[in-house]
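A.B. asks: Produce the complete structure using the sequences and hints provided.
Line order of the protein sequences matches chains A and B.
Convert by adding 15 to the 1-based position in the first sequence; the result is the number in this note's numbering.
Convert by adding 3 to the 1-based position in the second sequence; the result is the number in this note's numbering.
Hints were generated in silico from the structure; no laboratory data involved.
Hints are not guaranteed to be accurate.
Here are the computed lysine-lysine pairs in the DSS-like style, where the Cα-Cα straight-line distance is at most 30 Å [said to hold, decoys possible]:
1) B:Lys5 - B:Lys128
2) B:Lys377 - A:Lys26
3) B:Lys260 - B:Lys5
4) B:Lys339 - A:Lys26
5) A:Lys215 - B:Lys260
6) B:Lys128 - A:Lys26
7) B:Lys360 - A:Lys128
8) B:Lys339 - A:Lys128
9) B:Lys339 - A:Lys215
10) A:Lys215 - B:Lys360
11) A:Lys215 - B:Lys321
12) B:Lys395 - A:Lys215
13) B:Lys377 - A:Lys215
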Amino acid sequence: MTAQQKTTLKKLGPLLALAAVCIGLAFMSPNFLTVSNSFDVMRQVSINALIAFGMTLSILLGGIDLSVGSILAVSSVLAAMTMKGGHGAGLAVGIAILAGAGMGSLNGVVIAKGRVAPFIATLGMMTLLRGVALVLSNGSPISSFSSNFFAMLGGGYVARLIPVPVVLMLAMFAVFWFVLTRTVFGRHVYATGGNAEAAKLSGVNTNRVQLLAYTVSGAMAALAGVILTSRLDSAQPTAGAGYELDAITAVVLGGTSLAGGRGWIFGTLVGALLIGVLNNGLNLMGVSAFYQQVVKGSVILLAVLLDRGRRT
Amino acid sequence: MKVTMQGISKSFGPVRVLDGVDFSVAAGEIHALVGENGAGKSTLMKILSGAYSADSGSILIDGDAVTIRSTREAEALGIAIIHQELNMIPQLSVMDNLFLGREPNRFGVIERGRMRGESASWLSKVGAGQVDVNRTAETLSIGLQQLVEIAKALSLNTRVLIMDEPTASLTEREIGTLFGIMTDLKSRGVGIVYVSHRMEEIFKMCDKVSVLRDGHFVGEREVADTGFDEVVKMMVGRELKERFPKRETSLGPVRLKVYDLADEGNITGVHLEVHAGEVLGIAGLIGAGRSEILNTLFGVNRRTSGQVLLDGRLLSIKRPADAIAAGIGFVTEDRKSQGLVLGLSLRENVTLVHLGKYARGGIINRRAEDVAVKELMDELHIRARDAELEVKALSGGNQQKVVFAKWLAIPPKVLLLDEPTRGVDVGGKAEIYHTINCLAAAGTAIVMVSSELPEVLAMSDRILVMREGRQAAIFDAKAANQEQIMTAATQGLRAP
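C.D. replies: Encoded structure:
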């Protein structure tokens, strides 16, 4: 077996785990492996997956983005306020995503130019932006939007079968895949995360790479916020709290190293699906919410331990 | 005491790294263990010091078979190793490091007074009595850290001391101190195994030399009865035609011109002129400002005064990307932390500098990239199964060639080299010298910093000697010798 084949096999570990869980659930619950339930699971997964795609960039750089949940909330509130102000849904979505990118770039500036550790920088932003969301909305949800287009983003179907959020998730997955494997920016992300000093000495503008990565992470959180707001027909200033941890879980389950420089976006998609499938399966089997947490936590630890075992 | 290893074999998976190797070291002798990278030196020494266990073969101490299953057991038998990458905890104090894992204590409470006294006495035995035992290890120079490790080994009642590339990061003065201590240990009956690539040191310090090649024991010689050529031939298995390939210099016009260069306090008043096709060597002690010249030229360190002209054009270099854009390449001193992204593949490392060449609108054309990498691998004789291999898995020599390959494709008008053959074995060195000559022949202006004087003398056209941040002298390499250079590098310096 060549080294390359070995790495490929190693990389497929998360996929095998997902397949195993799916097969197990299919036997235990007849409702699990139906077309409608499959798309249901994927729709539930989509919000976490979109955030996790962005998170993959910051983690590949050896950083982290804890502010995604708060960015999601601020963007949601901004979108809702725009529509309540009598503007169209298109503008609302545009403003939300631009605002998300803007907040993300602020993270990027503090981290790249201010040389603040990503954990601390985004921790600060997480608290700060949660406050902004509460201030903007005056602490209460903004609900009921009249736009059909906006309702479609979270609740619509393509070809009457595939939920729109799932289409968005798969499209963004394709974009991230392409960017990380085929573009100069993607290569620079891996190089900067693997060895920032060597990358800089090779002429890579590592500051710009970081700035761009956190900007994208913010924009992805905002996109997730738009979908969530559409599904609930309501923007909550408290929305998204704790979402950063789900996203980090998905990234790590997918085999991306927290040390940076090593990982892939397919793993993140699989990681997010694995979490979603577990949630869904445990619900179908009627496991209590308390036990669900125990099971999920065990799966995470087991997955990471297995991964370490394969490495050594 | 005499330690004998007989018929030692060891495999990692399907790869047999040692095959029936014999080796012995006796009290009061300094025994060099040499071989190219990958010959099995480290594995053999890890077996002797308890980090690995052999698959077969035996270890005898004064004729009695012993088993060594851990570092602890080796230490109990009087065998200790000092690794090239020193094994200290930077944040702990000198004495905490000295007694790590065997702190004198009463009911778990450390007896600091006793520890302090014993540490100081062991340190004075290795000529480091002046070191404050409460200082943290990270505040000591590499040379002093090494002395602390030796003191630690002595405190363990070591009778056979293994030293792996001990001089790799030492200054000339520190090397002198180390050699003094080695001689002293030898006279007190300690046997020393000396693992090194530096032939000069082996012929100066060692009594015997054992050679390994591809996991086999090639032979043992009395240093007095052998010579450089024979040892190298034993190592590489063939006659190495020349240690330094011949080069014909044909100087073009001035490529790089530097006036009155200074950085933030390390160097001042540096003037250089390098012609196309010329190799300018920079010699001097560590800390004399040699690497700083390169770092300032490349935009790593901030330039506080002076001008840099390339082909008559004034450059304004503020960061490495500016230097690269102007056609300057930089093979850094530490390839693992500065030269390579170890977790990426050979291909990704090679094209990192000039990825834009194979991309359009930010999208990489993999076919063009693969072709370019293949060409560079062939040109530099990089021996790797394929370009997708992580560079981490390559030998030191091949890694260094990957670093060269990175810069070859710019193509460089000026190439800065900082210790270009450090940690590279003899065969790999010759290939790197050949590459340097080819680059010069193609009109590249080369500036090379090196601590190995024979290398500087053989490879350079002119040699700039730095001393305490200033240029001390400049020699024509053909007319210069090692003594002149060392004198220029040390003249007027206070004795250590």
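A.B. asks: Next step is simple, just say for each hint if it's right about the structure.
C.D. replies: Evaluation of the provided hints:
1. B:Lys5 - B:Lys128: With Cα atoms ~23 Å apart, lysine 5 of chain B and lysine 128 of chain B stay inside 30 Å; holds.
2. B:Lys377 - A:Lys26: holds, 26 Å
3. B:Lys260 - B:Lys5: Roughly 58 Å separates the two Cα atoms, so the pair is violated.
4. B:Lys339 - A:Lys26: holds, 25 Å
5. A:Lys215 - B:Lys260: holds, 25 Å
6. B:Lys128 - A:Lys26: Outside the cut-off at roughly 53 Å; violated.
7. B:Lys360 - A:Lys128: holds, 28 Å
8. B:Lys339 - A:Lys128: The hint holds at about 25 Å.
9. B:Lys339 - A:Lys215: holds, 14 Å
10. A:Lys215 - B:Lys360: Answer holds: lysine 215 of chain A to lysine 360 of chain B is near 18 Å, not above 30 Å.
11. A:Lys215 - B:Lys321: With Cα atoms ~12 Å apart, lysine 215 of chain A and lysine 321 of chain B stay inside 30 Å; holds.
12. B:Lys395 - A:Lys215: OK: lysine 395 of chain B and lysine 215 of chain A at ~19 Å, within 30 Å.
13. B:Lys377 - A:Lys215: holds, 24 Å
Hint violations for this structure: numbers 3 and 6, all remaining hints satisfied.
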